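Going down the list, the protein sequences come from chains H and Z.
Each residue of the first sequence is one higher than the last, beginning at 1 in our numbering.
Each residue of the second sequence is one higher than the last, beginning at 1 in our numbering.
Hints were generated in silico from the structure; no laboratory data involved.
Treat the hints with care, since some could be wrong.
Unchecked claim - Only part of the chain Z face toward chain H is listed, based on derived beta-carbon distances under 7 angstroms:
hint, residue
1, 50
2, 60
3, 62
4, 63
5, 67
6, 70
7, 71
8, 127
Predicted model only: the values in this text are computed from it and were never measured.
Glycine included, C-beta positions come from ideal geometry on N, C-alpha and C.
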Amino acid sequence: MMFAHGFGCDQDMWRYVWPAFQDRHRVVLFDHVGAGGADPRAFDRQRHASLRGYAEDVASIVRELDLRDVIFVGHSVSAMIGVLAAAAEPGRFGSLVLIGPSPRYIDDGSYVGGFSAQDIDELLDSMDSNYVGWSGTLAPMIMGNADRPELGEELTRSFCRTDPEMARHFARVTFTSDNRADLAAVRIPSLVLQCSEDPIAPEIVGSFVAERLPRGRFVQLQATGHCPNLSAPEETISAITAFLGET
Amino acid sequence: MAQESAEDLFEHAPCGYLSCSIDGTIIRVNRTFETWTGYDRGELVGRAFRELLTPAGRIYHETHCRPLLTLRGSVREVALDIVCASGARLPALINSTQRLDEAGRPQTVRTTITEATDRRFYERELLRAGRLERDIAVQLQRSLLAGELASSKSLCVDARYHAAQLGMEVGGDWYDVFWLQDEETVGLVVGDVVGHDIAAAAAMGQLRSATRALALTGLPPGRLLDALDAYAVRHDVGRMTTAIYAELHTCTGDMRYAAAGHPPPLLINPDKDPEYLWDGRSAPLHAIGNGSCRSQATTRIETGGTLLLYTDGLIERRRQSLDLGLEHLASEAGEHHALELGPLLTRLVDRMGDNFSDDRCLLGARRLD
Numbered sequence: 001m002m003f004a005h006g007f008g009c010d011q012d013m014w015r016y017v018w019p020a021f022q023d024r025h026r027v028v029l030f031d032h033v034g035a036g037g038a039d040p041r042a043f044d045r046q047r048h049a050s051l052r053g054y055a056e057d058v059a060s061i062v063r064e065l066d067l068r069d070v071i072f073v074g075h076s077v078s079a080m081i082g083v084l085a086a087a088a089e090p091g092r093f094g095s096l097v098l099i100g101p102s103p104r105y106i107d108d109g110s111y112v113g114g115f116s117a118q119d120i121d122e123l124l125d126s127m128d129s130n131y132v133g134w135s136g137t138l139a140p141m142i143m144g145n146a147d148r149p150e151l152g153e154e155l156t157r158s159f160c161r162t163d164p165e166m167a168r169h170f171a172r173v174t175f176t177s178d179n180r181a182d183l184a185a186v187r188i189p190s191l192v193l194q195c196s197e198d199p200i201a202p203e204i205v206g207s208f209v210a211e212r213l214p215r216g217r218f219v220q221l222q223a224t225g226h227c228p229n230l231s232a233p234e235e236t237i238s239a240i241t242a243f244l245g246e247t
Numbered sequence: 001m002a003q004e005s006a007e008d009l010f011e012h013a014p015c016g017y018l019s020c021s022i023d024g025t026i027i028r029v030n031r032t033f034e035t036w037t038g039y040d041r042g043e044l045v046g047r048a049f050r051e052l053l054t055p056a057g058r059i060y061h062e063t064h065c066r067p068l069l070t071l072r073g074s075v076r077e078v079a080l081d082i083v084c085a086s087g088a089r090l091p092a093l094i095n096s097t098q099r100l101d102e103a104g105r106p107q108t109v110r111t112t113i114t115e116a117t118d119r120r121f122y123e124r125e126l127l128r129a130g131r132l133e134r135d136i137a138v139q140l141q142r143s144l145l146a147g148e149l150a151s152s153k154s155l156c157v158d159a160r161y162h163a164a165q166l167g168m169e170v171g172g173d174w175y176d177v178f179w180l181q182d183e184e185t186v187g188l189v190v191g192d193v194v195g196h197d198i199a200a201a202a203a204m205g206q207l208r209s210a211t212r213a214l215a216l217t218g219l220p221p222g223r224l225l226d227a228l229d230a231y232a233v234r235h236d237v238g239r240m241t242t243a244i245y246a247e248l249h250t251c252t253g254d255m256r257y258a259a260a261g262h263p264p265p266l267l268i269n270p271d272k273d274p275e276y277l278w279d280g281r282s283a284p285l286h287a288i289g290n291g292s293c294r295s296q297a298t299t300r301i302e303t304g305g306t307l308l309l310y311t312d313g314l315i316e317r318r319r320q321s322l323d324l325g326l327e328h329l330a331s332e333a334g335e336h337h338a339l340e341l342g343p344l345l346t347r348l349v350d351r352m353g354d355n356f357s358d359d360r361c362l363l364g365a366r367r368l369d
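This is chain Z alone, in the form it adopts within the complex (with noise of 0.2 angstroms):
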């Protein structure tokens, strides 16, 4: 069998192999090291390890490598280009292990370098891809949600709508305001998919779509609410969706209304204390079977009143309960509303919620004089 010597197992490796002191200078380094620098170890020897790193290298090196060998006495998959005598750079990975003396004190510290130039593209790839996907989500989530909301001199609408500031940056929440058949009366929805990706926003497309047109073959809110439910399991398209759908004659303020496990309305009408509409309450798509029948209720909205309809995402508050979050969104909204719909919108979205991990939406109807 042919034999290995230990000096050869080192110089010629399948990878380039460093040795430092604690202070990162260069002691010891194999021959493959040398051929793919380009430098001899005479210039190598003596020198700081991080002079051969760029300079943001260097700055990832210092902040993140240096402390974690120090604590945790090694690093794994680091990557860091290697400056070569040509200039050119060396995409290169770094596993870095602390080797201790008898007394457990830190000594030298051992540094293998793998080439990562195909890998180190790869990625690229992979990310140039990641932001593709959330570009195309967001527009696709834009051209959703665009177009005009129905309006008249009766009745002021207005929306706002904030994505959450990490991940996709793109929600499942949809707001809506249409005309149904009579032109008197306007359908208003509100709903929530869960997710923040392309399918998110593919599947609010579609129940914002079916929502529609359930709503103009005149089925009442409750049956609405199960014709959508029943549309939803069918095309097996977002589960667990909360939704609010109401139906408002805008010369009388009769309003009917469902709630499919989806936050409660906040009726604000004038010299009266903001009240939810705790009733019509049903559980979300998907949760229950075929054949039930969502219960609804009517309510009436005062000449100057507003109505609110919003997503979790507004209520909900890092540390505090969802109790908190309804309390403080009534009293916000009765102390202001005296303001203009939209400033009263904008002042409520940017106060509420938390806008780290969940969309914000919010969509508001005044009846005018």
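The following block holds chain H by itself, in its conformation from the complex (with noise of 0.2 angstroms):
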């Protein structure tokens, strides 16, 4: 059972759901590159210039560890990403779990995801303002600062580091992707997990999802907001275990 994380953060958005899982399953948790604890020597701009990138990274973890059977559990953007994965390598996931997901966010005709292309421009632009402070305070963590150990410390205990450029390339592919003309290419069971009032993938894009997937089921959650993964892990957990005892 492999937990993707989304944009934004890194696998701590797991800690209250992967426990629960752990008895009956091997639990693989993983940080995109640009996040976490990931190398960042492994971002390739050209690799990682679309959602493929990031998929091909997640069946090159399958693939390494030789796993077959797959539950791929993906937040956010995460969740296209194992449909790319899960068309990739088609003999080793099993079924998948897409959390909040969205295959474009940009408006586009009739099509409603959500957002305008000029607000993700602006994204991007806060983007950048958001990190200003980011780099001047963590460039000498990176270089290994003696004279001020406390910024170390803060590097140890922070949560869902990600470094600015990655993030921005990471936000820039995530908010501009199209992965509509993918989902009917899924073959396997999966699940649309959707929150209520969720800013960022609104239920009509789940139901979407859950429509073009050929085996798709749609669940709604009570919980609101865009990560139930941290606000209701026990909601997100018993939704889970419901769909694989069906599965």
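Hints are included, so try docking the two chains, each in its own frame, into the full complex.
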């Protein structure tokens, strides 16, 4: 059972969820390149220019660990990364659990994604603002500046660490992606977990995904927001457990 | 002494102050926030805080702030815009902490909002200045490396340069090929100045020019590197620069070369295994005292043979030793030596190294019939 975090955080996102599955499953957690403890040198602008590169990373982990019958649990953008990975390695994935998925964030004709292209440009700009202070304080830590040990401590305590350049890149790739056409290729049972009042992936998008997936199921959660794995772990766990019991 | 009531401290604090339930619904706001946003509390209480943000701000808040709040209990100095009743935007810095109940469960989230109009403007200026500096450095480097490389009917030369993908995307690597006085010998150079900024590009330009000037005085390679070292020390430029300098006689294929702390040249002669030239080595610039006498060595490039000079970015790769990098380069170059020089270099630079953190520079010279 493999858990993939979304944009903005790292595998810490799963800390309240994965322990519930460790008895019955081999649990695999990882950080996407640019997040958490991932080796920054694995970042490659060409490879990671689209979600396929991130999906290829997932497929590499699955191959490297020689995993079969993988239950892939993807949050946010990792839902689509899972869809692409399952297509790349069809024999190795058993089912998909997609939490707050969106195959396209930007509106397109009659398709409602929830955002305009301008909104996304603004997001990329605002990320610059939010990282202005980042590099200044983190650069000395990375370079092992010994006269400010409190910085190192801060670093080890910090959750959801992301490299600003790579986070910005990931944001662009994520929010300009369009994977609507890839949904039909998924031949394995797939669960869409939809939050209430999700400001990033609204309900209409979640139902769109479930309808396009040949073996898609749609489950509406009571949890609000975009991160039920943090805000409502029990409800998330029982929804996944129920789905796994049926498949 | 004048007394301050807690109520007044809250209501008229010099920052917007609001309290939300865990799901983000506004429970209480202070007077300052009402004044700044133009909403009154009746319009705010019961609404979700994120509704006061721009769509972009909502994404950031939902993907960064709320997870951090849950995991760490607080977020600090987040830059977000608040959309006021008039539709105007209030650039703000936001700090939030979770308030726990007695059992340690999160109860409410308290948020202060500080106006950050000037700060945001200043940050934009900083970012713009940073981009400008990068553009200048890239242009400077490109102009320094511009110009044709010396070649002739009997010598084909070509180079590839890939800048590192992160950071300034400008490097201190350089390559150069030029004719010496006799018009039959070429000087070949590859160097690596530490750093990825304008200073590195400028130092590279100085050392590149100095090498050319020194080469025309007729100094042999070892002495040339001594003189370059003395120049670098005297003018305090290019600390720990590594470089390789070779003089190749285009008719005979005889070559003299010397390397200052630089990875060894790779020689691929026809019908022979690729061979690294480990002789003629000495320390990087600035690393040894004055009056040193750097060693040099000689070899011969046969007709059809190829010499490859490169920087360490080409042979370094994460989780791989340097030896393995050298081995990899030699086997790739040997296997594909039948390719024309240009395609060979392209192949090597694409296959080798780690395109993340260091520049990859590769210079090739092939003797023709």
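Mind checking the CB of residue 63/Z against every CB in chain H and telling me if the closest is under 7 angstroms?
-> Hint on residue 63/Z: holds, closest Cβ of chain H at ~3 angstroms, below 7 angstroms.
Taking the least C-beta to C-beta distance, is residue 71/Z closer than 7 angstroms to chain H?
-> Nearest chain H Cβ about 4 angstroms off; hint holds.
Identify whether the interface hint at residue 62/Z stands, where standing means a beta carbon of chain H within less than 7 angstroms of its own.
-> 5 angstroms, holds
Hint check: 7 angstroms Cβ-Cβ cutoff, residue 127/Z to chain H | Hint holds; residue 127/Z Cβ to chain H Cβ min 6 angstroms, cut 7 angstroms.
At a threshold of 7 angstroms, is the proposed contact between residue 50/Z and chain H supported by beta-carbon distances?
-> 6 angstroms, holds
Hint status (Cβ of residue 60/Z to nearest Cβ of chain H, threshold 7 angstroms) = 6 angstroms, holds
If you take the shortest Cβ to Cβ gap from residue 67/Z to chain H, is it below 7 angstroms?
-> 5 angstroms, holds
Do the numbers back the hint for residue 70/Z, that is, is its least Cβ distance to chain H under 7 angstroms?
-> 4 angstroms, holds
Checked against the numbered hints given earlier, this structure breaks none of them.
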